[in-house]
Amino acid sequence: MSADERVTIRKLPTGVPGLDEILGGGLPEYSFNIIAGAPGGGKTTLAHQLMFANATPERPALFFTVLGEPAIKMLRYQQQFTFFDPTRLGTAVRFVNLSQVVLEKDLGAVLEEIVKEVEAAGPGVVVVDSFRTVVRKAAGGTSEADLQGFVQRLALHLTSWQATTFLIGEYTEGEVRDNPVFTVADGLFWLTQQVERNSIVRKLQVMKLRGQASVPGLHTFRITADGVQAFPRTFGLTGRKEKAPDRPRLSCGIAELDAMMGGGIPEGDSLLIAGPSGSGKSVFATQFIAEGLRRGEPGIVAIFEERPEEYAVRADSLGMEFAAHRRDGKLNLLYLRPLDLSVDETMHEIIDAVERTKAKRLVIDSLAGFELALAPGFREDFRESLYRMIGALTRTGVTIVSTVELIESFTELALSPYAISFLSDDIVRLRYVEIGSRLRKVLMVVKMRGGVHSKDIREYDITAAGIRVGGRLMGYHGLVTGVPEQVAPGVRDGDESPGAPAHNELG
Amino acid sequence: MAAATPAIHDLARRVIAFETARDPSDGPGGAAVRACETLRVPLAKLAGVAGFRSLMTRAVALATADVPWLAAVRVRADGSVEGFAEARTDPGAMSGGDAGGVVVVRLLGLLVTFIGEPLTLGLVRDAWPDAPAVETDRSTRGQP
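These protein sequences, in sequence, are chains A and B.
In this text, residue positions in the first sequence follow the working numbering: the first is 1, and each later residue adds one.
In this text, residue positions in the second sequence follow the working numbering: the first is 508, and each later residue adds one.
Note that these hints are calculated values from the structure, not bench results.
Okay, derived cross-link-like pairs now, DSS-like style, lysine-lysine, Cα gap no bigger than 25 angstroms in a straight line: (1) K330/A - K358/A; (2) K116/A - K552/B; (3) K105/A - K116/A; (4) K552/B - K73/A; (5) K552/B - K105/A.
Same shape as in the complex, but just chain A (with noise of 0.2 angstroms):
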């Protein structure tokens, strides 16, 4: 059978943020869905938003509620999420309470019943809340023959009736195996809330979908007035362009650090400047955003330990002028919430937010910040999803400054905590060295991906108006050490091995 001749499933829309690109472009038409977790996870939540997105008076949503939470409750809690839209009761979307028919009778009245009720409406979407209500009172006197004898002509009669069905239930994971619901199911849909330490979390899992390739793994999720959002592990990022091979360089609005760069940072590269505390790593950043700014390109600082007031205070105090550029949007100040974040959640803010203010530069400051806002589970795979992360930033096309602090080793060179050097194309690294019983500081490009760099090691100094790089820190070896040496006499500086040039060049 060719391509052509294969039957089209249609894909309808979930309605939830993120959902579609998990189940892989949408919901299978006329396909027949467990949505499955413990209590409290969401499931009912998820169910109307599908509703509503889908629901017309030509073809409404079914909502049988079965011994689970009283309709009237639910009406009062779901009408308080914005999707709700109370105008489309009734006629788009319809309830009927199946607790009596459960209570009082058998599986073949309750199929009776739904088979009534969907012939009277035509649904296009039917949703059974809970069905494991059902299937409880059935297992008091019925085989499991009858039990999935009883799903299938459900699923049978639903599906050629042309209705999407979901059907609601508290399960663990250890019931998935041999029962006759799962197997009978399309999809299955499993929402888990975890709790680590102080911090809960929500998330989704395809656990199985025919006909079309979902996102496998554990996506994150979140419920807010606007109902359910969920975080695709892809960052919404899926088949998006690579980097261009030749690409502008973006000056970092240090002159000379743009030199021994090859001539600034090469678009949509990520730059990692790592330094110790107090050696001017935001101080960069900022410098980077200002210059982005004073050429016309939209900049975002994504912060997770200041206030962005007092963050733009800061960068003002330095005459980078962020608070009014803030007001006429073309910087955006990202502060997220702390303490409970997934990766996932982060980077879908700040692309949201690349995408809306056509960013061109972005500063993530700092990546140990970041960290320590995440929920605890995620700080263990943080380094994973960093890979992730600068994977899907940088296919956005914008440029990235991420900074990282390092404790300061006095007898090696350091350049993350995270082990992520390898993830950024390009590193400049910022160090202390103890000279004369004063602290100086110098700064070095380590590496640049893009093309040839500086190898000088430079003094550099904050000022009022930001970074000033300096010369070669003459007179001294083992400066990378943080501890360096005065240079022998009789040994040109820059020279350590005689007739090796004394200064450095570009490459």
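Please arrange chain B on chain A, whose structure you already have, making use of the hints.
The following block gives chain B in isolation, referenced to the frame of chain A:
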């Protein structure tokens, strides 16, 4: 517990007036009972028979505070009202029509409390699809 607003009183009055016009034979008291009966069908479908019975029982209990003779009224297992016509034994007590109105006000008031006015209005419209413009009076909406 919030008192029924003038808007709910007005809605109840319209519903009973519509029922009275449809069948004036048993007066406003009978019309109020029929109004509750008319609401029973969509509400039982939404909340279940037991759910509707709970609401109806509560509505009658609340109304009894204003009309003591309603204490003799019973709510059957299916949520329908029993013994309304016979319950009023004191000729000086509130009339059946007014007492029925209080029950309808309390029932609609409960619905507004739980699911809000827009959804309640939707239910009322569905229950009386041929009634002329069932709306609460905007001038009295939300007033205590």
